[in-house]
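Protein chains in written order, with my numbering: chain A, 176 to 575; chain B, 176 to 575.
Mixed in with the good hints there might be a few duds.
Since copy identity is lost for identical chains, a pair holds within one copy or between any two.
To be verified - Dumping the calculated SDA-like pairs for lysine to any residue here, alpha-carbon to alpha-carbon at most 20 Å:
#, residue 1, residue 2
1, Lys347, Ile519
2, Lys282, Leu305
3, Lys282, Gly306
4, Lys461, Asp244
5, Lys490, Arg564
6, Lys282, Arg307
7, Lys347, Asp183
8, Lys282, Ala429
9, Lys422, Val570
10, Lys422, Pro530
11, Lys465, Ala322
12, Lys422, Thr288
13, Lys351, Ser432
14, Lys422, Arg338
15, Lys422, Gly543
16, Lys422, Arg528
Just so you know, the hints here were simulated from the structure itself, not pulled from any lab data. Model, not experiment: these values are computed from the prediction.
Protein chains: 2
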Amino acid sequence: MTRLRVYDDTRALFHLPDGVIYLDGNSLGALPLGVAERVNRVITEEWGNELIRAWNSAGWYVQPRHLGDRIARLIGADAGSVMVGDTLSLKVYQALAAALDMSVSRKVILSDTGNFPTDLYMAEGLIATLGRGHQLRLVAPEEIEHALSEEIAVLYITEVDYRTGRRHDMAKLTAKAHALGIVTVWDLAHSAGALPVDLAGSGADFAAGCTYKYLNAGPGAPAFLYVAPRHADGARAALSGWMGHAKPFAFELAYASAGGVERMRVGTPPVLAMAALEASLDIWDKVDIKEVRARSLALGDLLIGEVERRCPQLKLVTPRDHERRGSQVSFAFAGGYAAMQALIARGVVGDFRAPDIMRFGLTPLYIGEGEIVRAAEIVEEVISGEVWRRPEYQVVHAVT
Amino acid sequence: MTRLRVYDDTRALFHLPDGVIYLDGNSLGALPLGVAERVNRVITEEWGNELIRAWNSAGWYVQPRHLGDRIARLIGADAGSVMVGDTLSLKVYQALAAALDMSVSRKVILSDTGNFPTDLYMAEGLIATLGRGHQLRLVAPEEIEHALSEEIAVLYITEVDYRTGRRHDMAKLTAKAHALGIVTVWDLAHSAGALPVDLAGSGADFAAGCTYKYLNAGPGAPAFLYVAPRHADGARAALSGWMGHAKPFAFELAYASAGGVERMRVGTPPVLAMAALEASLDIWDKVDIKEVRARSLALGDLLIGEVERRCPQLKLVTPRDHERRGSQVSFAFAGGYAAMQALIARGVVGDFRAPDIMRFGLTPLYIGEGEIVRAAEIVEEVISGEVWRRPEYQVVHAVT
Numbered sequence: 176m177t178r179l180r181v182y183d184d185t186r187a188l189f190h191l192p193d194g195v196i197y198l199d200g201n202s203l204g205a206l207p208l209g210v211a212e213r214v215n216r217v218i219t220e221e222w223g224n225e226l227i228r229a230w231n232s233a234g235w236y237v238q239p240r241h242l243g244d245r246i247a248r249l250i251g252a253d254a255g256s257v258m259v260g261d262t263l264s265l266k267v268y269q270a271l272a273a274a275l276d277m278s279v280s281r282k283v284i285l286s287d288t289g290n291f292p293t294d295l296y297m298a299e300g301l302i303a304t305l306g307r308g309h310q311l312r313l314v315a316p317e318e319i320e321h322a323l324s325e326e327i328a329v330l331y332i333t334e335v336d337y338r339t340g341r342r343h344d345m346a347k348l349t350a351k352a353h354a355l356g357i358v359t360v361w362d363l364a365h366s367a368g369a370l371p372v373d374l375a376g377s378g379a380d381f382a383a384g385c386t387y388k389y390l391n392a393g394p395g396a397p398a399f400l401y402v403a404p405r406h407a408d409g410a411r412a413a414l415s416g417w418m419g420h421a422k423p424f425a426f427e428l429a430y431a432s433a434g435g436v437e438r439m440r441v442g443t444p445p446v447l448a449m450a451a452l453e454a455s456l457d458i459w460d461k462v463d464i465k466e467v468r469a470r471s472l473a474l475g476d477l478l479i480g481e482v483e484r485r486c487p488q489l490k491l492v493t494p495r496d497h498e499r500r501g502s503q504v505s506f507a508f509a510g511g512y513a514a515m516q517a518l519i520a521r522g523v524v525g526d527f528r529a530p531d532i533m534r535f536g537l538t539p540l541y542i543g544e545g546e547i548v549r550a551a552e553i554v555e556e557v558i559s560g561e562v563w564r565r566p567e568y569q570v571v572h573a574v575t
Numbered sequence: 176m177t178r179l180r181v182y183d184d185t186r187a188l189f190h191l192p193d194g195v196i197y198l199d200g201n202s203l204g205a206l207p208l209g210v211a212e213r214v215n216r217v218i219t220e221e222w223g224n225e226l227i228r229a230w231n232s233a234g235w236y237v238q239p240r241h242l243g244d245r246i247a248r249l250i251g252a253d254a255g256s257v258m259v260g261d262t263l264s265l266k267v268y269q270a271l272a273a274a275l276d277m278s279v280s281r282k283v284i285l286s287d288t289g290n291f292p293t294d295l296y297m298a299e300g301l302i303a304t305l306g307r308g309h310q311l312r313l314v315a316p317e318e319i320e321h322a323l324s325e326e327i328a329v330l331y332i333t334e335v336d337y338r339t340g341r342r343h344d345m346a347k348l349t350a351k352a353h354a355l356g357i358v359t360v361w362d363l364a365h366s367a368g369a370l371p372v373d374l375a376g377s378g379a380d381f382a383a384g385c386t387y388k389y390l391n392a393g394p395g396a397p398a399f400l401y402v403a404p405r406h407a408d409g410a411r412a413a414l415s416g417w418m419g420h421a422k423p424f425a426f427e428l429a430y431a432s433a434g435g436v437e438r439m440r441v442g443t444p445p446v447l448a449m450a451a452l453e454a455s456l457d458i459w460d461k462v463d464i465k466e467v468r469a470r471s472l473a474l475g476d477l478l479i480g481e482v483e484r485r486c487p488q489l490k491l492v493t494p495r496d497h498e499r500r501g502s503q504v505s506f507a508f509a510g511g512y513a514a515m516q517a518l519i520a521r522g523v524v525g526d527f528r529a530p531d532i533m534r535f536g537l538t539p540l541y542i543g544e545g546e547i548v549r550a551a552e553i554v555e556e557v558i559s560g561e562v563w564r565r566p567e568y569q570v571v572h573a574v575t
């Protein structure tokens, strides 16, 4: 397989609209050029002509595992330990449910205020369903390590903070958690495809992530779930659907879970979305994630330097330290919502996260130094030129 | 909106491969011609050019509700009571969890042995998670009415049996259930798009269905969930994801459910799959489901008559009574697996369900009398001609 150089070879494999500098690939990745044709082929040839037979003939049935194996390479997981399907909310739910089952005498789920809210909401729902007095304890991200104790059942956190881009030390926290008998569940939403993850090496127990951000698989693309091989044959699939049954097509009345991570499948997998993910992974298969990381850090340093030099009003909230940073750069600014509207109107697409965070995603497969410098110039125009104060940018929209 | 005549106008709106008589639309519906273009537009124009902005500009965010409203018309539900997303396994899980919460003092979930297994498996998983001594009681489908009692918390059944095509009387069972204080959860997998359903009129509490069978939205297309409006503001969303939050983009740390059925959303909706569903519903919007039903019953009567006349070896397991029948015809035959392989090799695509059921789905939008008679001729050739005994048809494949 020919290696692709990050950006130099990969930029041409994405569609980006004219006049746009897209710094929101950490929310929705850009479109890989191969997606439209792949999805069209699945629709017209596989669905259209093979019809029901395509579950076998086109491999739809086994695709969640095959795609999981391709993602595994990017997150330091063994083949056979990652399953694709559903949404990230549901996959963290499955992971948390299995983790709590492994630690029945403890009642505290430890998370932090930098975790993405849906993870916290799903945990609340699970706690209510369990009805056994579990507690979701939230501390500030920098207090997580200190808050680990023998009272904690599960450490349940997102590696990279969606607002600040601050990165937890997965190896260190996992080791400390294990020393205290704590099971770990990692959300990799802002890690997979953003930086090298070493699930096997760090000893993480469970992890989940999405594929529509850095993995570029499209809006609403499926999630993935990692279960450490040592747990996979014992973990309970709380969402125990027929595709995770040991013999799904025997149509037995009683549930019996499949071996390994296969049990974490639930219902019928999303074939069209998996086709888009396949096409996207065709690029990722040929890329070195370490090269992506090096480029991302360089782009981040460049953006920080350019913006700080031009706009002292913007306060950096992303750690400068490479080890502690994900693949985005965020600034706090009281007029952040309006400023982001003004930037978007000028083609610089980042996003805003309440209460005051302007967030810029760095996706080296299709963003280079030139775009970063040009984006910083426009940030200067909007901020220092006070463009953001214009009334048309003050209107708050319903959803972002 | 111009009304489309069933088959006469709708047949030309589907792609069906040459040489195939497709009688498996109750497993995976055929491809509507509009799908490929619609999905391609969403990929290239919306995702490709609008990128993250498409969540607003292209209406992705509100689509689960809009699509739900279009499905509502087909199942006798009020606008605003149906939400699209996830998979049927997950939607029946949400419905069952909410239903059990409405009936805390009772511990029995009543279902039948004709329910699709994933519903039973999901219930088993929920019972284990709840850990409160609930019991899943299974009776034969014909015993369901008699088994209703004040001990039952939730009646949890599929209206049309996936093997036999036997249809439950939703209005009667719901009325009797309610008289006994039982909450009802209906699985409409083989009902939506197959026959008129009257959720509001029958007083059903919860219902869920899929869109990849009779609704023709493609492999792995999303499911839908109905919550009776009288319950919608009180029902607990056990799978409480951020899209079901009252203010998803406020990113609050604590969960607060959205009003109405919106709370049953979980994670990011599957945009590409929703585009296919949209294109498929463009046909359904213009069709009278009562006309579909009349055609389906006529096709079923024709198939039963033709097959029984030609092949007395095949034993009809579908009720002859129109009121008690869904939109498929099934025969028991000891050599059913091999016979279905032989039929498929001759272009008659039905499917096999263990232990001995040969199943033929009737989808009047794209199947007419001519195909039914021709299929019966080929069934005769395979069965009476003993073609099914040939060794090549005895090989059992891994999945169907």
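Evaluated hints:
1. Neither within a single protomer nor between protomers do Lys347 and Ile519 lie at most 20 Å apart by alpha-carbon distance, with minima of 39 Å and 57 Å respectively.
2. Proximity of Lys282 to Leu305 under the C-alpha cut-off of 20 Å is found in both arrangements, the shortest distances being 11 Å within a copy and 15 Å between copies.
3. In the homo-oligomer, the alpha carbons of Lys282 and Gly306 lie at most 20 Å apart both inside one protomer (11 Å) and across protomers (15 Å), since each shortest distance falls under that limit.
4. In this assembly of identical chains, the alpha carbons of Lys461 and Asp244 lie at most 20 Å apart only when taken from the same copy (14 Å versus 43 Å across copies).
5. In the homo-oligomer, the alpha carbons of Lys490 and Arg564 lie at most 20 Å apart inside one protomer (18 Å), although the nearest pairing across protomers, at 77 Å, exceeds that limit.
6. Taking the shortest Cα distances, Lys282 and Arg307 sit within 20 Å of each other both inside one copy (8 Å) and across copies (17 Å).
7. When the C-alpha separation of Lys347 and Asp183 is checked against a cutoff of 20 Å, the pair qualifies neither within a copy, at 35 Å, nor between copies, at 67 Å.
8. Taking the shortest Cα distances, Lys282 and Ala429 sit within 20 Å of each other only across copies (19 Å), while inside one copy they are farther apart (30 Å).
9. Taking the shortest alpha-carbon separations for Lys422 and Val570, only the inter-copy value of 17 Å comes in at or below 20 Å, while the best intra-copy value is 55 Å.
10. With identical chains, the CA atoms of Lys422 and Pro530 are at most 20 Å apart between copies only, with a shortest distance of 14 Å across copies and 49 Å within one.
11. Taking the closest pair of Cα atoms, Lys465 and Ala322 never come within 20 Å of each other, the shortest separation being 31 Å inside a single copy and 62 Å across copies.
12. For the homomeric pair Lys422 and Thr288, the shortest alpha-carbon distance between copies (17 Å) is at most 20 Å, but the shortest distance inside one copy (41 Å) is not.
13. Proximity of Lys351 to Ser432 under the C-alpha cut-off of 20 Å is found in neither arrangement, the shortest distances being 31 Å within a copy and 35 Å between copies.
14. For a Cα distance limit of 20 Å, the shortest separation of Lys422 from Arg338 across copies, 17 Å, qualifies, whereas the shortest one inside one copy, 43 Å, does not.
15. Taking CA atoms no more than 20 Å apart as the test, Lys422 paired with Gly543 passes in neither setting, with 49 Å inside one copy and 35 Å between copies.
16. Taking the shortest alpha-carbon separations for Lys422 and Arg528, only the inter-copy value of 13 Å comes in at or below 20 Å, while the best intra-copy value is 45 Å.
Violated hints, listed in ascending order, are 1, 7, 11, 13 and 15; each of the other numbered hints is respected by the structure.
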